[in-house]
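So the sequences go chain by chain: A and B.
Numbered according to this note's numbering, the first sequence spans residues 1 to 181.
Numbered according to this note's numbering, the second sequence spans residues 1 to 685.
Since the hints were made in silico from the structure, they are not lab data.
It is possible that part of the hints are untrue.
The calculated lysine to aspartate or glutamate pairs, modelled on EDC-like cross-linking and capped at a C-alpha distance of 20 Å, are [as the list claims (entries may be wrong)]:
1. Lys-556(B) / Asp-534(B)
2. Lys-66(A) / Asp-32(A)
3. Lys-670(B) / Glu-144(A)
4. Lys-649(B) / Asp-165(A)
5. Lys-134(A) / Glu-677(B)
6. Lys-649(B) / Glu-147(A)
7. Lys-166(A) / Glu-644(B)
8. Lys-596(B) / Glu-131(A)
Here's the letter readout for the chains.
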Amino acid sequence: MRTETKTTVFLCLVCFLVCLLACLQKGYPDDDTKLYSYGIYSARHNQIDFAFSYFDFIVKNYPESKVYEKALFATGEYFFLFWDYRNAEYAFKKMIEDFPQSEFKLFSLAYLLRTAKMENDKIRIKELEREIVKTRQVSLLFREFKEYTLTSPLHREYKAAFFIDKVEIFINGELFEKVPF
Amino acid sequence: MVNYLKKFHSKQLTSFFRFVILSVVLLLFSVFCVNFFLKFSHDAIQEYVSRYFTQKVSVEQVYFIPFNVVVLKNVASSIENIPEGEWDFSAEKVITRFSLKHFFMNRIFVPTKVDLINPYWVCERKMRRSYARINEIDKMFTMASTQHPLCVTVKNGLLNIPRAEEYHLLIGMNTSFKKSAGNSLSGFGSLFFKTVDGNDFTKRDGVKFERGPLQYRFSARLKAGKILLENMEIKKEHFYAKLWGEHQKNELRVNGFISSNNYFWDYHSVSSLSAVWERARKFIFMIAKSPSHNISGSGSGFNLFNLDCVVEFCDESIVLEYARFSLNNIPFCIQGNISFSKHPFFKLVCASFPDQPKKTRMNNLQKYDIEIEGAVKEGVIDCTAHFDSLRKKKDLFVPHRISFTFEKLMFVFPNQTHAGVSCKRTTLLYRSEKTVQRVYLGDSHFNLSLKGGCYRNFTIHSSLYEGYLKGEGTVDISGFPFKSSFRLDIQDVNIQQASSFVTDLYQVYGKANGTLFFRSFPQIQFWGNVEAKDGILDNVCFFIWLADFFRIPSLKKVPFSTLSLNFMITEDVASLNNIRLISTPLALDGYFHLYKSNLVSGIFSLGFSRRLLSESSKFRTLLRLLETKESSVEFEFKLSGLFETMNFKWLASDFKQKLEDLLSRNMERKIEKSIEEVIESISVQ
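Just need the whole structure built from these sequences, with the hints factored in.
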């Protein structure tokens with residue numbers, strides 16, 4: 001066999017092997033924090049669906065992860081945004097049960113309050129309003145209200161304003177829920 | 001001819017008159033002889049009667065009235081071993097009619113009718129003997145089955161039940177019992193109840209029986225050692241009871257029904273002793289007969305149906321094996337016993353839906369359990385009563401209990417239209433899931449009107465925590481549980497002692513006056529106003545916090561000239577309104593509401609005197625900096641949120657404005673943060 005022919009065959013084999021290896025590679029990286037950062041990145045670039053897929057993967061496969069809590073909240077947000085209220089309710093309830101001290105608890109309660117109002121469940125509405133009031137104790141000496149803000153994994157701005165007689169919850173600057181007491 | 005007839009008639013008439021006069025003389029002579037004999041045999045007669053009734057009998061005089069009447073005058077008797085002179089029974093007259101036939105033919109004295117005129121019984125202080133009396137009556141009924149027909153009437157009888165030293169319960173009676181030849185018994189009569197006052201009440205003179213008595217009638221048969229009660233009816237205004245049953249050896253079985261303010265209103269007026277005169281009066285004066293209302297429309301009242309009761313009479317006790325009945329469609333069962341031993345006591349247990357499975361019963365809002373236990377001593381009762389029921393709280397059935405403890409309780413009947421209870425000491429206890437509240441009452445009197453259909457008025461007077469309580473109200477007995485509303489006026493009540501009812505009052509010294517209102521239907525509401533004068537607030541929680549926060553130690557003990565508030569407690573909210581505290585160093589006013597959801601809402605205005613503020617090193621500097629010249633400084637603040645973690649806001653005021661102008665933003669944040677920490681630490685406590 002000529003040398004040229006041998007070289008060509010060898011190169012074809014190498015290319016074939018490289019392609020085979022490339023195909024066998026997994027679609028997602030193994031590291032949960034990496035996945036989380038991909039999700040954040042996607043959310044910042046307005047690719048919410050991709051972001052959701054990363055967060056959802058974390059929730060399903062990494063329950064012990066330190067970013068599980070945030071990923072869970074993000075999945076709940078996503079479900080709510082796309083009117084899947086049943087799954088949203090499930091995610092937020094799990095959020096409150098598994099992480100009672102979470103900074104996201106207040107806003108999870110707000111989402112659950114909204115779904116309860118949609119169902120007109122008066123008893124649940126009263127319970128949720130009470131839980132929202134219970135989350136913070138405020139002392140207002142020189143201010144009219146006290147503010148709590150955070151940014152969610154899906155890059156949405158959350159703000160809660162505690163007045164002496166009401167709580168107002170805003171999402172991206174818009175009033176989402178108002179709880180008088 | 002005329003002269004002949006005149007002569008003939010005059011002879012006849014003379015003979016007739018002679019015969020009549022002779023007969024009268026003979027009769028008078030025989031009556032005189034009989035009465036002489038009776039007088040001579042007075043002691044023997046007394047002894048014979050004593051032996052026959054197995055107790056001491058004293059008769060002042062015995063005389064005979066033709067043709068078959070023997071009168072015993074001033075009769076008295078008592079059970080043996082009682083000191084002479086202390087008779088427990090006496091009668092002005094005992095008029096006995098006897099059978100002439102048996103007297104002349106069989107030479108035996110058989111009474112056919114006995115009238116007791118103005119008899120008077122004194123109930124034994126020792127209840128054992130009273131119970132022995134009941135057993136004797138039972139024996140007499142059994143003996144009567146072998147005796148001849150007999151009719152016993154009691155006219156103006158009086159039973160005196162002495163209570164301690166103050167009250168005597170009097171039961172007046174006019175009654176008639178009849179036993180016919182065929183062993184049937186019947187009777188009718190009326191009873192009156194009255195309580196009189198008097199330490200030395202021994203005479204029944206002056207006791208007037210008022211109208212409207214309790215009437216009864218019954219018919220029974222004696223058969224082979226048992227008494228069959230065929231019918232017994234008891235009636236009083238809007239109350240009617242019909243019973244039947246049997247009594248054998250020591251056991252009494254009763255069935256029947258009882259109705260109040262409902263069926264059988266004005267049913268068959270029971271004949272009284274003056275029935276003949278009453279009928280004659282109506283006939284003579286042409287009084288129209290009122291239409292009878294045998295059964296009236298179904299009203300709202302008490303209906304006790306399907307009564308099935310078994311009572312056993314033991315040597316020294318009466319045992320209620322069971323009494324099952326349906327009261328306004330709720331089934332009940334009562335069991336218990338009354339002991340007449342040396343230390344008489346009683347116990348009664350009553351339960352609704354007794355046959356319901358336990359699990360179902362625990363979720364039945366009409367589950368009632370009542371237990372009464374007590375002892376009797378010298379006519380007064382010491383007892384405890386518990387009432388258990390369920391209340392619905394969301395989806396849960398929460399048990400709660402009301403308990404009463406009475407010391408020296410007695411029932412009083414001031415007149416026919418009122419019944420009452422008098423007690424030396426009463427303890428009321430309310431226990432629920434998380435609450436225990438007690439009220440202690442001193443010498444108290446409770447009166448209930450027996451007139452008025454379903455709505456009965458009542459009054460209460462009592463001593464309460466060194467003060468006085470007076471109240472009146474209404475109870476609606478048309479359904480069970482009863483609905484009530486009342487008003488109470490309190491005077492000079494020691495506030496600290498009232499802490500058994502409201503725990504937080506423990507630190508408040510002073511005397512309170514006020515008016516309280518209560519209503520149980522449609523929902524429980526308790527409201528009113530209270531005012532205390534010249535007292536002290538000593539280490540009250542709120543003022544301890546103020547003292548620590550402002551560094552003013554004298555705030556821990558605040559003397560006040562006036563402390564007043566209005567309050568309202570319902571199932572949804574507890575409110576304190578128009579709170580006003582006037583004290584030399586400070587003034588406080590505002591309101592505070594606590595809702596069922598545990599959320600609170602309130603505004604308080606605190607005014608501190610300059611002198612008080614200058615005690616605090618914090619404020620001394622501040623006052624100097626602000627150059628404030630006012631004699632007092634006011635702080636107004638609002639509270640909200642949950643009771644355990646209240647939110648706090650300092651409302652706008654001149655002082656606050658001056659402070660804000662003085663402080664930088666950083667300083668403000670710093671102060672806010674330190675106050676937050678203080679408030680949170682208090683909330684954790």
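- Item | Violating hint indices (sorted, rising) | Checked against the structure, no hint fails, so every one of them is satisfied.
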